[in-house]
Amino acid sequence: MTPFFSIIIPLYNSGNTLITCLDSIISQTYKNYELVLIDGASSDNTLQLINNFRSLHNDMSIQLLSEPDGGIYEAMNKGIDLAKGDWLYFMGSDDSFYSPDVLNQVSTDIENESVDLVYGNVEGVDSHTRYVYDTIDKVLSQGIHHQSVFYKKQLFNTIGKYDIGFKVAADYHFTLKVFFNNSFKTKYTDIDIAHYGETGLSSTTYDYKFFSYHYKFLVMNNGIDKIDNKQKCLDTSIYCCLYLARQKKDLGFAWRNLLFYITASNGLSLKFRIKTFLRMVYWGLKPSA
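Under our numbering, the first residue of the sequence shown is numbered 726, with each subsequent residue one higher.
No lab work stands behind these hints, which were simulated from the structure alone.
A hint or two may mislead.
Cut-off 27 Å, straight-line C-alpha distance, at most; resulting in silico cross-link-like pairs (DSSO-like, lysine-lysine) [to be verified]:
(1) 957 / 877
(2) 863 / 1000
(3) 892 / 974
(4) 863 / 955
(5) 877 / 902
(6) 902 / 892
(7) 809 / 863
(8) 902 / 951
(9) 974 / 957
(10) 951 / 941
(11) 996 / 955
(12) 886 / 910
(13) 878 / 910
(14) 974 / 902
(15) 974 / 951
(16) 902 / 809
(17) 902 / 886
(18) 892 / 878
(19) 863 / 878
(20) 957 / 892
(21) 912 / 886
(22) 951 / 973
(23) 878 / 912
(24) 973 / 878
(25) 756 / 803
(26) 892 / 809
(27) 996 / 941
Per label pair, the in silico range of CB-to-CB distance [as the list claims (entries may be wrong)]:
(28) 792 / 924: 20 to 28 Å
(29) 976 / 879: 30 to 38 Å
(30) 726 / 825: 17 to 25 Å
(31) 1000 / 863: 30 to 38 Å
(32) 945 / 889: 18 to 26 Å
(33) 945 / 825: 40 to 48 Å
(34) 769 / 951: 40 to 48 Å
(35) 748 / 907: 39 to 47 Å
(36) 992 / 787: 47 to 55 Å
Note that this is a predicted model, so its numbers are computed, not measured.
The C-beta atom is built at its ideal place from N, Cα and C for all residues, glycine as well.
Model the full structure from these sequences, guided by the hints.
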């Protein structure tokens, strides 16, 4: 039987958190799913834990691939290729489902309405900060945790997979492309989906490259007028361009974005445009320390 959900979990030296994650999956009341485990050649006890888990649950559909990879999104892309389910869900090894009824609730939502992407709420494991994405402003302006989202697999066949050039926000980038494509239907459901781990890469690292592009991406997709604080979004994108120049990272990408901001009609004064341009030149040309 084709699984309804493929739960894709990128792994690397995940021995300290993996069992909690897997326990939250096997406790689900809804059982029509498969696990797709993509391990980046762990050197701890991750693979041993997986082998033990498979022995205990040999009736489950579990796919495992272990080999070096280029990061979380390359691992996710491998998982997409292996997945057999109609719907894909991406977890970190330090994430867990909020309750045993999550998959049952989400599957009911999907079966009751023709949709391509369903998203709910998440909560931080340590901070207990709760993220409720119940407005389009929140989705477009703040980012959206991938642990809150279920994707129809066909989306990846149509749009493509994750852009591995974005090290932390490639999932947010992909999600926005779905929202901006009128061929697809998205749905918010007021369900608490997951506790997300707050010590992983996406929680401890900022994707300056993506957010240098964020405002431009919204403008190009007619989404900028759907957010409440356009100025904050623009300021953040300009700051990220300057940060990339200072760090000598992705300079061509940062320049293209900055030139869009200082030449577009977005309310920036001439003085600010000139000052920002000169700062970009200075940081781009200044030798590294």
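Against the structure, the hints:
no. : hint                   : in the structure
1   : 957 / 877              : violated (32 Å)
2   : 863 / 1000             : violated (31 Å)
3   : 892 / 974              : holds (13 Å)
4   : 863 / 955              : holds (12 Å)
5   : 877 / 902              : holds (14 Å)
6   : 902 / 892              : holds (17 Å)
7   : 809 / 863              : violated (31 Å)
8   : 902 / 951              : holds (15 Å)
9   : 974 / 957              : holds (23 Å)
10  : 951 / 941              : holds (14 Å)
11  : 996 / 955              : holds (20 Å)
12  : 886 / 910              : holds (18 Å)
13  : 878 / 910              : holds (14 Å)
14  : 974 / 902              : holds (25 Å)
15  : 974 / 951              : violated (30 Å)
16  : 902 / 809              : holds (23 Å)
17  : 902 / 886              : holds (11 Å)
18  : 892 / 878              : holds (22 Å)
19  : 863 / 878              : holds (24 Å)
20  : 957 / 892              : holds (23 Å)
21  : 912 / 886              : holds (21 Å)
22  : 951 / 973              : violated (33 Å)
23  : 878 / 912              : holds (16 Å)
24  : 973 / 878              : violated (37 Å)
25  : 756 / 803              : holds (23 Å)
26  : 892 / 809              : holds (26 Å)
27  : 996 / 941              : holds (21 Å)
28  : 792 / 924: 20 to 28 Å  : holds (24 Å)
29  : 976 / 879: 30 to 38 Å  : holds (37 Å)
30  : 726 / 825: 17 to 25 Å  : holds (21 Å)
31  : 1000 / 863: 30 to 38 Å : holds (32 Å)
32  : 945 / 889: 18 to 26 Å  : holds (21 Å)
33  : 945 / 825: 40 to 48 Å  : holds (42 Å)
34  : 769 / 951: 40 to 48 Å  : holds (44 Å)
35  : 748 / 907: 39 to 47 Å  : holds (40 Å)
36  : 992 / 787: 47 to 55 Å  : holds (54 Å)
Comparing the model with each earlier hint shows violations of hints 1, 2, 7, 15, 22, 24; every other hint is respected.
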